[in-house]
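Based on these hints, arrange chains B, C and D on the given structure of chain A.
From first to last, the protein sequence lines stand for chains A, B, C and D.
Following the working numbering, the numbering of the first sequence begins with -5 at its first residue and continues without gaps.
Following the working numbering, the numbering of the second sequence begins with -5 at its first residue and continues without gaps.
Following the working numbering, the numbering of the third sequence begins with -5 at its first residue and continues without gaps.
Following the working numbering, the numbering of the fourth sequence begins with -5 at its first residue and continues without gaps.
If you are wondering where the hints come from, they were derived from the structure by calculation, not from laboratory data.
Each statement offered as a hint is correct.
Listing some non-contacts, in silico: residues in chain C with all C-beta distances to chain A over 10 Å:
(1) L(-2)
(2) E8
(3) R15
(4) V18
(5) A26
(6) K27
(7) V28
(8) D51
(9) R210
(10) S217
(11) A291
So the derived list for chain B, only partly shown, Cβ under 10 Å to chain A, looks like this:
(12) S208
(13) C234
(14) G265
Since the structure is predicted, the reported quantities are computational estimates derived from the model, not experimental observations.
In this text, a Cβ means the ideal position worked out from N, Cα and C, and glycines have one as well.
Protein chains: 4
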Amino acid sequence: MTELDVVVQEIAEEIAARSDRGSVAHYIPELAKVDPAGFGLVVIDADGHVAAGGDADTAFSIQSISKVFTLTLALGKIGDRLWQRVGREPSGSPFNSIVQLEFERGIPRNPFINAGAIAVTDVILSGHQPREALGEILRFMRFLTGDPTIAIDQAVAASEQRTGFRNAALANYMKSFGVLDNPVDYTLGVYFHHCAIAMSCRQLALAGRYLAHSGRNPSTGHSVVSPGRARRINAVMLTCGHYDGSGEFAYRVGLPGKSGVGGGVLAIAPGKASIAAWSPGLDASGNSHLGRVALEALSKRMGWSIFGV
Amino acid sequence: MTELDVVVQEIAEEIAARSDRGSVAHYIPELAKVDPAGFGLVVIDADGHVAAGGDADTAFSIQSISKVFTLTLALGKIGDRLWQRVGREPSGSPFNSIVQLEFERGIPRNPFINAGAIAVTDVILSGHQPREALGEILRFMRFLTGDPTIAIDQAVAASEQRTGFRNAALANYMKSFGVLDNPVDYTLGVYFHHCAIAMSCRQLALAGRYLAHSGRNPSTGHSVVSPGRARRINAVMLTCGHYDGSGEFAYRVGLPGKSGVGGGVLAIAPGKASIAAWSPGLDASGNSHLGRVALEALSKRMGWSIFGV
Amino acid sequence: MTELDVVVQEIAEEIAARSDRGSVAHYIPELAKVDPAGFGLVVIDADGHVAAGGDADTAFSIQSISKVFTLTLALGKIGDRLWQRVGREPSGSPFNSIVQLEFERGIPRNPFINAGAIAVTDVILSGHQPREALGEILRFMRFLTGDPTIAIDQAVAASEQRTGFRNAALANYMKSFGVLDNPVDYTLGVYFHHCAIAMSCRQLALAGRYLAHSGRNPSTGHSVVSPGRARRINAVMLTCGHYDGSGEFAYRVGLPGKSGVGGGVLAIAPGKASIAAWSPGLDASGNSHLGRVALEALSKRMGWSIFGV
Amino acid sequence: MTELDVVVQEIAEEIAARSDRGSVAHYIPELAKVDPAGFGLVVIDADGHVAAGGDADTAFSIQSISKVFTLTLALGKIGDRLWQRVGREPSGSPFNSIVQLEFERGIPRNPFINAGAIAVTDVILSGHQPREALGEILRFMRFLTGDPTIAIDQAVAASEQRTGFRNAALANYMKSFGVLDNPVDYTLGVYFHHCAIAMSCRQLALAGRYLAHSGRNPSTGHSVVSPGRARRINAVMLTCGHYDGSGEFAYRVGLPGKSGVGGGVLAIAPGKASIAAWSPGLDASGNSHLGRVALEALSKRMGWSIFGV
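For reference, chain A alone in the conformation it holds in the complex:
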């Protein structure tokens, strides 16, 4: 048992003992059904050693964490031209704000707020049918994890599609400025479905390894992106990965990370580890409350903050 194993076990036990769990997302009916007591933590280090705590193999809806992978795919597709359609500055606004879009004429602030992620999805969709685009995203997730069982939770996707009026507002708004190329319904369909991908902490930590190791999975040797692109995706995760709680996450955890309203968080310790945490209860900014607590403890005990030891 390594030091990392011990730390992960300790944190899992500490989290289990806590009663401050935040509130499960209620605006997507299917997510509101999730048990708030769930918790998972998986860390995979540079050697491929897996330290797992809690419900490491329970699948949850990755939601906005999928935006890290769609950003990677869209950059692979059109490179830095992507930044003509979406910025890379923190927004200072909640995840679903439309105000910023009006002041900046339809260009989303960054690829991790909803509007930006919809614009990124539109890039992946271009030239394809929605079904094909979704297939591409799923294949990418399976390739990253080496796990062909990863799938979309259709009940969640349907639930979002039925209730996603605010995302429909964002998409139509961008369309009015010409920022989206495809029919709004197509782009939204792909967006709702990739947010509904279900993964466990173990799978998610596997998927994130290329970001921890200069764009390459050190176990398989598969190169996903260049070292520079991995660095830059990490930078965007650090500044924008937790909506208007991004500063707080950087301040407390000190690692690039991306949260989802399903309660998952992917965090990257560059050169050291890929980390996935999950706890369904959210804080006021819509980020996993105990997920952040667990990551703060992990970063501190392992000395992994990118801001100094």
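Just chains B, C and D now, with coordinates in the frame of chain A:
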């Protein structure tokens, strides 16, 4: 001559050859007189080795870079209670925006936008006369650098005081919400004067060493802040240090940094180096254009990005 | 020939001589085809005397002027409960702004900005199929004018439906706050179609007579609304009828009025006359430029300003 | 006893019986001391007949009602060039909002929000000492009323000056955009003092007579402004006179009016009467609650709405 010396020399030469210099700040009359051709770069590594290029000993107005040091002082004074008066989230707004203050009832988004820095100054001032507070700030800068010659450029301070109506608006606005304890004129006086401190790149890089080395100057052994506080100040610099260009700086340079409209930038490579760059021409967000270019080159060639090699 | 006839003739001639015509709305492709040289002015006084100048019988797309009539219908349907879904304050924003909706949680500021008019349309639609709701609106227009030929320009409606992404954004946004009862597509369909009603100045002035005469058409004796409701609709027209140019219209013309991007304006001189003007070129706020100029001249020469002689 | 006398008496009695009084302004300490039970109503018709009810001769702080008179003075001084410094559109914002100023680069939306009134005061001040400007304003009030006893309540002025940080923010903000010509403290000093003028309903109704009668006091024959200017001032009062409650006042009362946080309201029935009401309790928008109720009753019973009988 070390690799670092070579890299710094190369960068200084490359910058000297460039013609894209940005625009010198014009809204503070005294700053508008500065020659846009100036450039300096100084890097001090963990061993105290100083690599200097360009106008390394030319003093310039550090302006908002002073906010890093006043934040350090205010945290020393009242600890985390400071965060009841000022947030630590990126603002998504220009440095002098007042809009955010209205929506958040007088609480500035972070200590590095003007409103936040004024609130921080107000904390340092409390219980003192303006003259004493300024004395404390100056003594701190001299202690950090070991250089008793560091001083305030009174012409710049007077120039700001005469023209600083927007800062006066911010201060009065916060005062109306009870965020400032002292008379507005006192707080603004101290603020304008500490922004007018003149330092060279060499002095600035010396001053920043505690942030690169867990809160402690490794050469003198002087402890300035705890390791955790150093990390957290770096985190705030990364997410908020360049106003609405903070995401861009993180994306391109990958280091915590704080810019000033005098054209200076302090950047920190945690565990590795304290860095000061200076070039008076600014970009659209009010950050040093060639300062950022130089730091991007340095970070890349030295492999210092905190987001991975 | 009455004094009114003379004044209307003079104004029509003066307008014909002007070269400052504003710009025809270009964001609805079908409207962009309209000849900018068209101009019409029709005034119907309390006795039913019709003074007509210019292209008094040329049909144009009434666009947002339809909002006066849908407001009348919706108030007839649910009375003052309507004001729980839509405010009656000027917005200080352009006609299609979404910012206000975010700050006021989906409740549009007034029934004459696009969001408010969509919410009003949703009320008329409730309990009906879109086709039935449109039928009701058309019947109302034919009843008001006594003219069974009034119809929807299907090419304009189709053009709006294809390009109305910003309105779709507003509707979806309100739907996300529960402000709309019906499927977004249904409500938008009815909205786009009633905006595409084509009428001439003569028809429009006929339709507005109830607002000038305490809710009742003095020639037919048909009562449309109570005197109090007529007054209040006029008040909303005065404060909100020209988007962020409402203050300007009140200042210059001094009459309640409602403009449309087709270049039409309906204005009411309470107790005196119903007035319709049309000139397709718009000013920066999206209101008919020469329409306003003509109404300013009319109001001044007839001494009809509600703000004093 | 005329019909008007009867109506005014009835309303005064009805108001006295009501218990819903709103809240007295608390942010100006001196105003918070006022008894919320006070109520006055004075109407002066075209013949100079005075109908008075309640505390018709109790002086109160006219506060923002003074803005009608300073607007009149400033227009007299520089004419329509005033509109280069201040707009005439409703703001859709509270009286002391600074947000709009940022988006419109320091130009206030209209002369009746605080920022706009400060800009108007700055125009009156130009070329004078503050004392002289105040003297001019007082002389104007005495001329309008024929009452040399009208004076400034120095305790109220001092109270505002000590606590007026938000107004200081607005003034400094405009100064930063060059919208104010005079030292901020001078302009604010005059502004605070003219807001602190104390008048009774009787005096206020006298002062407003020129607005009801084409710019001229029909009893004295004194001409104050041209008929067109009187109309236009009334138009601005209608659209902007009650901050973000202007639409509501127009909807319910149907008369141009200007409120003050001292609880006074000046209303104009063009061609018919000048009206002053006073009740210190305010509604959520900062306008006199029972003042508005009284004016709504008066307008209805007398059939004075400008929007129709």
